[in-house]
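Top line first, the protein sequences correspond to chains A and B. Residues 1 to 127 in my numbering are what the first sequence lists, from first letter to last. Residues 128 to 262 in my numbering are what the second sequence lists, from first letter to last.
Quick caveat, the hints were computed from the structure, so don't treat them as lab data. Please read all numbers here as calculations on a predicted model, not as lab measurements. Positions of the beta carbon are idealized from the N, C-alpha and C atoms, including for glycine.
Reference listing, derived: stretches of chain B covered by chain A, where coverage requires no fewer than 3 residues with Cβ under 8 Å from a Cβ of chain A:
| hint | region |
| --- | --- |
| 1 | 158-169 |
| 2 | 172-182 |
| 3 | 185-191 |
| 4 | 213-225 |
| 5 | 246-257 |
Sample of chain A residues lacking proximity to chain B, with all beta carbon distances greater than 10 Å (derived):
| hint | residue |
| --- | --- |
| 6 | S2 |
| 7 | D3 |
| 8 | R9 |
| 9 | R12 |
| 10 | G22 |
| 11 | H23 |
| 12 | R26 |
| 13 | L71 |
| 14 | E89 |
| 15 | H93 |
| 16 | T97 |
| 17 | A100 |
| 18 | I102 |
| 19 | L104 |
| 20 | F107 |
| 21 | V110 |
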Amino acid sequence: MSDMRTPLRKVRGLGSAKDGTGHFWRIRLSSIALIPLSFFLLGWILSLDGAGYDEVRAALAEPLIALAASLFILISLDHMQLGMQIIIEDYVHGGGTKVALIMLNIFFAVAVGAASVFAILKIAFGG
Amino acid sequence: MSHSPATRPQARPMSPHLTIYRWPATMLMSILHRITGGALYFGTLLIVWWLIAAATSEQYFNFVNGIFGSWLGRLVLFGYTWALMHHLLGGIRHLVWDTGHGLEKDTSTQLAWATLAGSVLLTVLIWAGYFWLGA
Numbered sequence: 001m002s003d004m005r006t007p008l009r010k011v012r013g014l015g016s017a018k019d020g021t022g023h024f025w026r027i028r029l030s031s032i033a034l035i036p037l038s039f040f041l042l043g044w045i046l047s048l049d050g051a052g053y054d055e056v057r058a059a060l061a062e063p064l065i066a067l068a069a070s071l072f073i074l075i076s077l078d079h080m081q082l083g084m085q086i087i088i089e090d091y092v093h094g095g096g097t098k099v100a101l102i103m104l105n106i107f108f109a110v111a112v113g114a115a116s117v118f119a120i121l122k123i124a125f126g127g
Numbered sequence: 128m129s130h131s132p133a134t135r136p137q138a139r140p141m142s143p144h145l146t147i148y149r150w151p152a153t154m155l156m157s158i159l160h161r162i163t164g165g166a167l168y169f170g171t172l173l174i175v176w177w178l179i180a181a182a183t184s185e186q187y188f189n190f191v192n193g194i195f196g197s198w199l200g201r202l203v204l205f206g207y208t209w210a211l212m213h214h215l216l217g218g219i220r221h222l223v224w225d226t227g228h229g230l231e232k233d234t235s236t237q238l239a240w241a242t243l244a245g246s247v248l249l250t251v252l253i254w255a256g257y258f259w260l261g262a
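Just chain A, with the same shape it has in the complex (with noise of 0.2 Å):
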C-alpha cells in the first residue's frame, strides 16, 4: 500500500491549474482592496495641486500616504501579475516560453514592487 488517500483527496480543490481557486479567489480579493485605494489616491494626487520636490517628499513621510501608497502599489502587483498570467496563458502556447513568460512576469512585479517600498520607505524614514 503506497498511498492512504482516495483519489477523491487528491483532486478535491484542484482545477486543471493545480491550485484551484487560488487565481480567481486572490484576483476578485486584490481588485476588492484597489477601488478605495486608487480613488484615494487619486484625490492625493489631485490634492499636490502641481506641489514641488519638497512637499511631494514631505506628504510621501507621513505614514497615512506612505502605507496608502506602499499598499496601492504591492496589491496593484499583485493583481497584474495574475491578470498577465491569464493573457499569457491564454495567447502563448508552446511550453518553454509559456513557462518563460510567466516566470519573467513573477520576476518583474517582485522587482517593481521591492524598487517602489525601497523609495517609499527612503523617503518615509528621511534618507
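Go by the hints and put chain B onto chain A.
Only chain B this time, still in chain A's reference frame:
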C-alpha cells in the same frame, strides 16, 4: 483509411467571426477590459518612476515632473486615468456578475454601456478637477 463523401476532409467555408458581425457591447467591453488591464500593467511603471524620482534627487524629480507636465505626458496620464477608470468599473461589473446578478442579456448590455459612459465621465471629472485646482 477511406472517407465516405460526407466525412472526407475538405476546405469548408469558415465563419467570418470578428470581421463581419456587429460587436455586442459586452464583447467590446470584454476586449477593452483586457486591453486596459494590459495598458495599466505598464502604466504602473509611470507611478513607480515618479516615486523613485522623488526618492532620488530634486533635479531628477523635476526632470520627471517636467515630462509628466508636458502635453505628451499629460496625454499619456489622461489615457492612464481612463484605462484605470474603465478597468475599475469593468472590475466592479465582474464582481456583480460573480454574485449571479446582472447576467441577463438586456441587463448585461446596459451594464456594458454604463461601464463605458461611467469611465469617460469619471475621467473627465478627474481632469476637470485637476485643471480647476489650477495645475
